[in-house]
Structures are given as structure tokens and as C-alpha cells.
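Colleague: Here is what each chain is made of, one letter per residue.
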Amino acid sequence: MKMHLFFTFVDILEKRRCSSDLGHALRTYSPSPYEGAPSCSTADLNKAVLESQYLRYVTKETGSSGEDVRQEVCRILEEMSQNLQLGSIRLMAYTLTKVLKRLFTGIFVNMEGLNMLQQAIQESPVILMPNHRSYVDFLVISYILFTYDIPLPVIAAGIPLAGMKMVGEILRRSGAFFIRRAIGSDKLYWAVLSEYVKTIVRKGCAPLEFYVEGLRSRTLKSLMPKLGMMHMVLEPYFKGEVYDITLVPISISYDRVLEESLLAHELLGIPKPKESTTGLLKATKVLQEDYGNMHVNFGRPMSVRRLCQGKINRCQYNLIPRDLPQKPSAETQACVSGLANLMVRIQEEGSLISPWSLMACLLLQAPTTVLTQEGLLWHQLTEKTLWLRKLALDFGAHLNWPGQVPDLDVMSSTVTLHRSVVHLKAGRVYLVREEEPVRKHPISPELDVIRTAAAVLMLASYRNQSLHVFVRPCHARSDELFAFFWFLRDIFSNEFIFIPGKSSQDFEEACFLLNKCGAVDISEQEVIVSDARLEVLSFLQALLQPFIHSYQVMFRYLCEDGGNVFTEKQVLPAVRNRATKLILSGELHTYEALSSDTQKNGLSALQRLKTVTKLRE
Amino acid sequence: MNYGSSVSGERLFAECKYSTQALHIILNLCQYLFFHRQEILKWNGWGYSDTRFLFNKKGQAEFTGKRYRLSGMIIPALQNWFEGTFGASVQHKSPAMPILTSSAVQPPTLNEAFVDELKSTGIPCSHDAEDRVFRGHGHCLHEVFALREGKVGRVPDIVVWPNCHNDVVKIVELACKHNVCLIPYGGGTSVSSALECPPEETRCIVSLDTSQMNRILWIDEKNLTAHVEAGIVGQELERLLNESGYCTGHEPDSMEFSSLGGWVATRASGMKKNIYGNIEDLVVHVKMVTPQGVIEKGCQCPRMSTGPDIHHFIMGSEGTLGVVTEVTMKIRPMPEYQKYGSVVFPNFEQGVACLREVAKQRCAPASIRLMDNEQFKFGHALKPQVSSIFTSFLDGLKKFYITKFKGFDPDRLCVATLLFEGDREKVLQHEKQVYDIAAKFGGLAAGEDNGQRGYMLTFVIAYLRDLGMDYYVIGESFETSVPWDRVLDICRNVKARIIQECKDKGVQFSPLSTCRVTQTYDAGACVYFYFAFNYRGLSDPVHVYEQVEHAAREEILANGGSLSHHHGVGKLRKEWMRETISDVGMGMLKSVKNYVDPKNIFGNRNLI
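Protein sequence lines correspond, in order, to chains A and B.
So for the first sequence, full-length UniProt numbering puts the first residue at 1; every next one is plus one.
So for the second sequence, full-length UniProt numbering puts the first residue at 1; every next one is plus one.
What the hints contain is simulated information worked out from the structure, not anything from laboratory work.
Please read all numbers here as calculations on a predicted model, not as lab measurements.
Backbone N, C-alpha and C fix where the C-beta goes; we use that ideal spot for every residue, glycine too.
Among the hints, erroneous ones may be present.
[To be verified] Listed next, the in silico DSBU-like pairs over lysine-lysine satisfying Cα-Cα at most 30 Å (straight line):
id, chain 1, residue 1, chain 2, residue 2
1, A, Lys-226, A, Lys-239
2, A, Lys-60, B, Lys-360
3, B, Lys-119, A, Lys-47
4, B, Lys-297, B, Lys-330
5, B, Lys-505, A, Lys-311
6, B, Lys-93, B, Lys-119
7, A, Lys-239, B, Lys-330
8, B, Lys-297, A, Lys-239
[To be verified] Listing some non-contacts, in silico: residues in chain A with all C-beta distances to chain B over 10 Å:
id, residue
9, Thr-8
10, Arg-90
11, Lys-98
12, Leu-227
13, Gly-240
14, Val-432
15, Leu-534
16, Leu-558
17, Ala-574
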């Protein structure tokens with residue numbers, strides 16, 4: 001058992017290692033569900049959706065014959081619906097125990113959070129909102145809930161998973177329901193999905209789990225929340241169909257992510273392998289490696305009713321039938337977006353920062369050539385890491401830094417765990433680049449850049465795990481302060497999570513934190529940089545530098561070469577090429593400019609600021 | 001207000017009014033009448049003085065008096081229910097002040113010129129403290145709670161008893177002339193703070209008590225209408241009409257005490273509205289005295305297309321425009337046959353679905369009400385001691401049948417009570433139709449007795465509040481109307497909100513939060529909420545109560561419910577009027593008020 005500042009984490013694998021896996025899978029499972037909920041089978045749920053007044057309205061709108069639409073709805077439901085069954089859960093539990101024990105040293109779960117969740121589930125419909133950093137996330141919540149006798153969730157999943165042989169069906173029976181990726185203007189599909197989700201929430205038949213970020217984050221940095229699902233989930237409260245809804249933000253943090261190298265390559269434009277069962281089997285080689293610990297931090301359950309107090313006037317639904325399809329009002333949209341962003345912020349705050357993430361921050365601030373060639377002095381890195389640890393604590397981060405072990409041992413074992421990224425030799429730390437395939441010709445400089453970039457992006461991902469701790473003070477580092485803060489916050493609001501409409505609070509927070517760590521002195525009118533602690537400011541500046549540079553590359557490309565009209569497909573490779581050239585010529589120092597996610601975020605920011613407009617064909 | 005035997009006394013007194021020694025006699029008689037009235041009605045609680053609940057020395061609950069079916073009976077289960085539900089104890093008493101100390105009442109602010117002229121008309125009046133206090137409140141919790149503690153705020157300065165329409169015309173003229181404030185007073189059963197004197201009112205406040213205007217002036221048997229003075233009290237009106245073989249069928253829960261004029265002024269609703277209609281359906285003609293003169297229609301026609309119906313300015317005006325003095329009402333021959341009934345449903349959802357279906361088929365009986373599980377248990381706790389072993393054996397058997405054999409969960413089941421009325425054959429036919437529908441929703445017929453007890457509960461529940469207040473329990477009921485598709489949601493959400501607010505406000509014990517659906521319409525239903533809690537440990541229980549009720553009302557509005565179905569707005573719910581009827585709607589009401597009563601003579605400040 002480990003003690004943290006606020007939480008008591010328990011390693012759930014500890015018991016599994018000293019008792020029978022089969023016994024665990026076959027344990028008596030008798031959760032106490034939401035009291036108001038009648039038990040509802042898959043068939044009941046689908047029937048309720050099929051016969052809903054909402055779908056009747058939508059059917060009328062489509063204009064096609066009732067019977068055709070009905071059949072189409074049945075098809076969609078068949079593709080979509082979950083089929084949660086205890087038998088499959090037991091099978092899942094058995095398999096997962098085996099796999100998890102092999103992958104992780106420990107899976108730490110905070111018991112307070114779990115107890116609060118157990119309570120909350122009996123009182124109102126519960127929405128589980130984990131962050132999504134790895135495919136491993138997918139069933140781990142269900143696994144934990146199964147272990148602690150808590151009702152199992154139904155889980156929103158991407159449709160590609162359903163296509164996997166066997167695995168798709170197992171997931172379905174473990175509670176997954178599947179959503180198409182590009183729904184676009186398919187009104188009927190949208191209607192069936194939203195009625196399906198709303199029915200689950202209304203009836204409270206099971207907790208609902210979904211990733212508010214929409215996707216697995218390739219950069220390990222929080223993504224801008226997607227709002228569609230959030231709207232569906234919250235609507236039953238807005239319309240008075242349930243008294244309250246409980247949101248439970250869950251932060252999953254990994255010491256080491258299984259897909260680290262895969263993700264880096266995806267960011268460099270090398271397509272990810274399609275989800276397939278054979279692919280999964282091939283991936284079993286990842287099972288041979290050590291991934292350290294996983295932390296699952298169940299956040300404090302939050303009442304939607306309280307969160308929405310004063311933000312939404314529920315009377316707006318009084319004058320129209322509640323089933324009638326309607327565009328959400330501006331007020332509703334703002335409220336939903338605010339809540340979604342808040343959830344992601346809470347996920348960030350609840351995640352545990354590993355020593356490795358702090359080290360990654362510092363490693364990236366060394367010139368890349370130092371990392372690849374001369375190597376960074378180990379004692380320099382460790383000293384600086386300890387300094388950063390203090391800063392992170394000052395900024396309110398939750399660290400996952402083992403207390404009983406000497407600090408140096410912690411750091412060196414961290415480096416050992418991450419030998420796929422760095423290695424320590426003769427008191428210096430080097431970046432590990434992929435093995436060169438045996439070739440006849442020398443590798444081209446462009447390919448060499450990609451090789452370095454892959455390693456840098458892996459490092460950047462781990463840095464990103466702690467970025468949210470520093471991001472507000474980062475933005476406030478300028479002298480022109482609020483205006484500049486506001487500008488940066490605006491530019492980067494696709495990159496980092498800021499709750500809309502809270503810019504002055506964010507600014508206050510930034511100033512407060514900077515003041516707290518002694519980096520600035522704040523009088524009534526002025527913010528004065530204190531010379532003694534320039535260290536903090538230069539660290540923060542360097543932390544943000546890669547993003548500023550990457551955006552600059554992007555923007556310059558658009559100004560100079562982009563032309564007036566372009567497609568996203570053209571732009572991303574073109575920007576990447578340009579960045580590669582700039583790196584080779586030594587004008588650009590950050591390899592992160594090659595990351596497609598950063599480029600996309602930059603593009604979205606320009607769209608949001610109306611500098612770039614999206615044309616529809 | 002019902003005066004019972006006091007009526008003859010007041011008649012006597014009315015006839016004396018022109019005698020030469022008038023003043024002296026009037027003062028004496030007022031005193032006499034006041035005491036007489038106190039013997040009949042409580043001054044700081046609900047209803048008749050001889051009727052109350054109490055826990056006797058054995059700790060058993062007893063209902064005193066002789067007026068009700070339950071009177072004089074022992075109610076063995078009540079104590080357990082009471083202590084169990086509220087966490088209260090019969091050991092912990094919070095008794096009321098037994099008598100009012102006159103020193104608690106502010107001396108009256110009299111407009112001498114008005115009083116002199118009023119006296120010269122010979123219309124009886126009084127500024128006796130107890131007369132004034134009696135007419136300075138309705139039956140909101142905070143009003144009764146304050147009286148029990150002997151606290152009195154601003155009360156009318158003078159009470160006047162007009163005997164007929166012309167008396168009212170004279171009083172209103174004098175009020176306008178001398179700029180005094182008039183507050184009409186009927187039965188005093190308001191639960192909307194409508195009778196409270198606005199504390200900011202500096203003028204002399206005159207309470208215009210309509211109780212002497214209580215005659216049926218004529219009955220028109222060809223058109224089946226009756227012309228009645230507005231001060232008549234519901235049960236008296238029915239009794240007098242019954243003597244001629246007629247009834248109005250208008251039976252609000254307060255009908256023992258509330259008056260015809262009050263019904264018109266608040267848009268009242270009666271239990272049997274499915275057959276007879278609500279007050280707006282029953283009224284054919286109204287006469288109201290306003291500062292601008294008398295408003296009335298020129299004929300007694302069943303329906304007219306003559307612009308907006310002026311009756312709708314009068315109905316619901318809550319005493320802000322004038323005094324209703326005479327009303328022509330529809331009457332019906334007395335029903336040949338009445339039958340109670342009840343149905344048990346496995347849960348509230350099924351019960352609501354059944355009521356909805358009954359409304360859809362437009363076959364609602366005279367009354368149909370659905371109580372939730374908590375209220376079902378409450379009703380059960382009010383069962384009087386059974387006299388024979390056989391009855392208790394039968395009860396046990398019924399319980400066994402419903403819970404064990406039919407598998408109803410005693411903590412979920414709920415009951416609908418029914419009242420059928422009409423000629424015998426049709427009633428039986430109707431009964432079958434309704435029970436058939438109920439069966440489709442899993443409903444089981446549960447006998448006449450349960451039904452009748454349900455309706456009795458309506459009349460005694462207000463007495464129960466007084467019992468609660470003797471033991472640290474305070475509570476109240478409030479109502480709304482809501483579209484059918486929202487009924488379940490509003491019931492669930494409002495009850496949950498009450499519980500949560502109590503918790504948040506530091507109430508130490510879990511409250512009673514229960515509801516029933518009391519009326520069905522084509523497009524929706526009327527829902528009643530009961531809410532009570534044990535206030536031990538709270539420093540300002542009434543304030544907590546008001547905050548919770550306020551939150552509950554917000555919840556009602558957020559769930560598509562109305563501000564009021566029939567209690568009215570008064571001053572208690574005024575703050576929500578604008579969102580209820582829109583800015584223009586407010587403007588319309590205000591411009592009518594400004595035209596009819598520019599000097600705000602009818603200054604009770606209700607509604608707008």
C-alpha cells in the first residue's frame with residue numbers, strides 16, 4: 001500500500017498474485033445497482049429505443065416509409081448494441097488477470113474513490129469518464145468494478161473494435177457498444193445512437209462509460225473533449241427525466257505505455273495498423289516487456305445538478321414536446337462544453353506524474369544533438385529532476401514518487417524501465433533510436449530525421465503527461481501579461497485544456513502559482529520577475545518552446561506556400577516536409593514540429609480564430 | 001368560515017343595528033360573538049376547536065369530537081408511524097401558547113373619519129384585538145407557527161361585517177373616500193399568504209368579512225341555477241341546496257370552511273370536477289364591487305362571444321380588484337347513488353399509466369386519486385382500531401393476498417381511490433369500465449373501505465399538521481398541474497429535491513416527502529405534494545421550511561409544472577408570476593388593476 005497526499009492506493013494485482021485466477025473469475029458477484037432501476041435486458045433496451053417517440057419523430061422527418069426505417073433502425077441497433085453477460089465477464093476477468101499480471105508490476109486503485117463510486121451508483125445514474133491513453137484502458141475499469149462488486153458499465157467503443165473476429169463479440173458481451181467513426185449527416189444513425197445512450201441513462205440500467213476525449217490520445221496529452229456524447233448523456237437531466245446524473249472522472253496513468261512507439265510513428269504519418277485479431281495476436285510480443293505500474297484514480301463523483309446550477313434554465317424545455325428533435329440552445333451548448341472541459345481538467349489533475357515524465361521534460365530541453373551524440377550528464381539530469389519535482393509539487397501536482405527508496409535509485413530504475421527511449425552509459429544519458437535495418441545504401445538524411453523524431457516524440461509524449469501542471473504558469477510568463485496570456489491561451493486552446501470562459505481564473509491561478517514558487521512578486525498593480533528565480537521561468541519557457549516553434553512552422557508554411565485553398569491531406573505532409581528540411585538545415589530545433597497531432601491542433605486553432613475557413617463541398 | 005349555531009346570534013345582532021343604543025349593544029354582542037366563535041374554531045390551528053388529534057396517556061392516538069367518521073376513535077398505528085417516519089417521540093412536546101395575550105397585538109391605526117362614517121351606516125364593525133388577529137392570517141405554515149408561539153405581526157385595524165351587496169357598495173365608497181385599505185375575508189383558508197397584511201401598508205387596513213352574506217337568494221329550477229351570496233361556506237351551500245334536492249357538486253378539500261367568494265377569487269377546484277367542473281365551469285354570473293363601481297354581465301347566458309370574458313378578470317383576482325358579492329351558479333339534482341372504490345397497483349408508474357389511460361378514454365369517475373407508496377402507508381397508519389377479530393383477520397388475508405400471492409412489494413405498491421356518482425346502473429357500469437382499465441396496468445380492486453378512508457384523509461390531514469406541531473414536526477402541502485408526460489418525472493424530482501434540500505439545510509431527520517395525483521384532465525394532471533419534517537435541533541425551522549418549499553417550487557417550474565393549480569398565488573408565489581405569464585401578461589393584469597383600482601384600495605398586494 002502506498003500513501004499519497006490525498007489518496008490511498010491499493011495494488012489490486014497483489015491479491016491476484018497469491019490466489020487463484022480462476023477463483024477470482026468465478027467469485028460471487030452481487031453488486032447493488034441503482035435503486036430506481038428495473039433490470040433491463042439487451043432486448044428490453046433495444047425495444048425501448050425502437051419504440052421511442054423520439055425515433056417516431058425522426059422517422060417522420062426522413063420521409064421514407066415507416067417499415068423501411070424500422071428495419072434500418074433494427075440493423076443499426078444490431079450493430080451497435082451491447083450484450084453484457086456475466087459469463088463473458090468472468091472469462092474476461094480470467095484472461096485479463098493473466099495479461100495484467102504479466103504486463104504490470106502493480107495496478108494501483110484509490111479506495112476512497114471506489115467507495116464513493118459504489119455509493120453514487122445506488123443513488124443516481126453514473127457516467128464513468130476515464131481518459132484514454134492505451135487500449136489497455138478499455139476493460140480495466142470493468143475489471144476493477146468486477147473485483148469490487150460494483151455494477152459493470154456499458155462502454156462506448158469505436159466500431160473498428162466490433163470488426164475484430166471473436167474479440168468484437170467478447171467485448172460486446174463485456175458491455176461494449178459500438179459507434180461508427182464518421183456519422184456526419186446520417187440523421188437516423190445519430191438519432192438511434194442518441195436514443196440508445198439516453199435510454200441507458202434514463203433507465204439507469206448500468207453505469208455508462210465513455211471517453212470524453214473521443215479518441216485515444218496519441219500524444220498522451222489530453223485532447224479537446226468531444227461534445228456529441230456529452231450532450232446525449234446530459235440531456236435526460238436537462239429535460240427532467242432523471243433527478244440527477246453523477247459524473248465520475250477517472251484518471252488512468254501509466255509508468256510506461258504499451259503503444260509508445262506505435263503512437264510516435266502514427267504521429268509521423270506512418271499509418272496505424274488496422275484493429276484486427278491477428279494484429280492483436282502478433283502484438284503479444286509486447287507482453288514480454290515490463291510496463292511498471294498503472295494508476296487508476298477514481299475521482300470524486302460530481303452531481304450534474306450541482307454543476308449546472310445557474311448555468312442552465314430547464315424551463316426552456318417546457319413549451320415543446322421533450323421527444324421532439326431539437327438543436328441545443330446556445331446556453332445548453334456552453335454548459336455542456338464547460339462540463340466536458342472541466343471533466344478533462346479533473347482527469348488531468350487526478351493523474352499521477354511519474355519521475356519519468358519530469359525527466360522527459362528536462363531531456364527535451366537539451367539540444368537534440370546532445371542527446372543523440374555527446375549524451376547528457378546523468379548528475380545534471382538528476383539534480384535538475386529533483387529541482388523540478390519541487391516545482392511540480394509547488395504547482396499542486398500529484399507525484400508518483402516512491403518515498404521509501406533513495407531518489408537516485410528511483411531515477412535510475414525509471415531509466416531502466418524506459419530503456420526503449422534512453423540509455424545510461426558512463427554517467428551520460430543518450431536517446432535510443434530504432435535499430436537501423438541492415439541496408440546496402442547509407443540511410444537518407446530525411447529518414448534519419450524520422451528516426452530521431454520517433455524517439456523525440458516518444459519522449460515528448462511522456463513529457464506531455466505532466467504538461468498540464470505547468471501549462472498555465474507557462475502562458476503567464478510574459479511581461480505584457482494578461483493580454484499576452486489571453487492570446488496564448490486562445491491560440492493553444494486546442495492544444496491544452498482550458499475551461500471556456502475561465503481565462504481570468506486561469507490567469508489568477510497562473511500568477512498565484514508563480515508567486516508561490518517565488519518566480520515572481522505580485523503587488524497590486526504589477527507582476528515583477530524576481531531575478532533569483534529565473535530558473536523557473538526559463539524552464540517554463542523552454543517547456544512551451546516546442547509548441548510555439550511547431551505552430552510557427554505551420555503558420556509560416558500557410559502564409560508562404562499554402563496558397564489560398566488547400567486540403568488537410570495536402571497540408572500535413574507538406575508541413576512535415578518543410579519541417580524536416582528546416583531541421584536538417586539547422587534552422588528548426590524541435591522535432592515535435594513533425595507531429596501530425598500538433599499540426600492538426602494548429603490548424604483547428606486557426607479555424608477557431610477564423611483565420612482559416614473550412615469549405616464544404 | 002362556518003359559524004354553525006353562531007349564525008342565529010349574528011342575525012339577531014344584524015337586526016339590532018338600527019336601534020338607538022346601537023353602539024353599546026354592538027360592542028357587547030361583538031364580544032359575545034367572538035367568544036362564541038372561539039368555541040367553534042381554533043384561533044391558532046386548523047378547524048373546529050373540539051376536533052383534534054392527540055396522543056392519550058397510553059400513548060395511543062385519538063381523534064376527538066363528533067364531527068367526522070374518525071371522531072372519537074383510537075388510531076393504534078399512528079404513533080408508530082409518526083415516530084418511525086419523523087424520528088419524533090411522543091415524549092418530546094412543543095406545545096402551543098394556549099391563549100393570545102392582547103399585548104402582543106399592536107393597537108389599531110384607525111382612520112377616524114372613515115370609522116365615524118362607517119358607524120353612521122350602521123354596518124357592524126370591531127377593532128377588538130382577537131377579531132383582528134383572527135382575520136390577519138390564512139393557514140400557511142409560517143402563519144400558524146407564529147400564532148402558536150403567540151407572535152402577531154401586522155393585522156387588520158378594523159373588521160367590518162357587511163350584510164348584503166349594498167353594504168359592500170357603501171363600504172367600498174367610504175374606503176375610496178377616506179383612502180383606507182380593504183382586504184376581503186371569506187373563509188380564511190388561504191395557503192398563499194393572501195390574507196397577510198402587507199407590512200409596508202401605512203393606511204388603516206379594513207378586513208371585509210363576508211360571512212354575514214350567506215343566503216341563497218333564489219333557485220331557478222328551469223335553468224338549474226342558484227343565485228347565492230358570496231360569503232356562504234361550502235358545506236352550508238350544499239346543505240341548503242340539498243334541502244331542495246340539488247347540489248353544486250363543488251367540493252374543494254376546504255369546503256367545510258372556505259367560501260363561495262373565495263373560490264371565485266382564487267379559481268378553486270373541487271374534488272368532483274370530473275362531473276361538475278371547476279369553479280370557472282360552474283359560474284354563470286358574478287357581481288363584484290370595485291372602486292370604479294359594480295362589474296357584472298347583463299344576462300345569465302351559458303356562453304357568449306363578446307370579447308374576452310370579464311369573468312376571467314374576476315376569477316383569480318385574489319381580492320386585488322374588488323369584493324365578489326353575489327354569484328349565480330349551476331346546480332344539479334342530487335345524485336341517486338354514490339360509491340367509493342380503490343385499486344392497488346404494484347408501483348406508482350403503473351398507477352400513473354392507468355390514470356393516463358382513464359383520462360384518454362374520458363371515463364374518469366367523479367374523483368380519481370393516486371397516492372404514492374409513502375402516502376399509502378400514511379393512510380394505513382390512520383386505520384382506526386378494528387372492533388372484531390374477523391375484520392383484522394380479513395385485513396391480514398388481504399395483505400397476504402396482495403403482497404405474497406400477487407407479489408406486490410409493500411414498499412412500492414400504491415393505491416388509487418375512486419368515487420363514482422350518478423344513477424345506480426350507470427355507476428356500476430362505469431365502475432366496471434374503470435376496474436377493467438386498472439387491471440390492464442396490474443391494478444387490483446381493493447374495496448370501498450380503502451377508498452372512503454382515502455377521502456376522509458383529505459379532511460383530517462390538516463388536523464394532523466397541528467398534531468405534528470405539538471411534537472416538533474412541521475409540514476405543509478402544495479400543488480401544481482403538469483402535462484401527462486411529465487407527471488412521473490415531476491413527482492420523482494420534486495420529492496427528491498425536498499429530501500436533498502432538507503439534508504443541505506441541516507435538517508437532522510429524513511423528511512416525509514410524498515405526493516399524489518389528485519385530478520386528471522385531457523392534457524395533464526394535478527399533483528399534490530406533502531412535505532413534513534422533524535425540526536428538533538434547528539434554530540429557525542420556519543425559515544428552513546420556507547427555503548425548502550421555495551426550492552421545491554423552483555423544481556416544479558423547471559419540470560414543466562404550473563405555479564399553482566388551485567391554491568392561487570397570493571404573496572407566497574408572486575415572485576414567479578412574470579415568468580409564468582410573460583411581461584406582456586403582467587402588463588395586462590397591471591393595467592386592469594390601474595384602471596379598476598388606481599388608489600390601490602384593495603391593497604392586499606396579492607398576485608402582481
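Colleague: If any of the earlier hints don't hold here, list their numbers in rising order.
Modeller: 3, 6, 7, 8, 13
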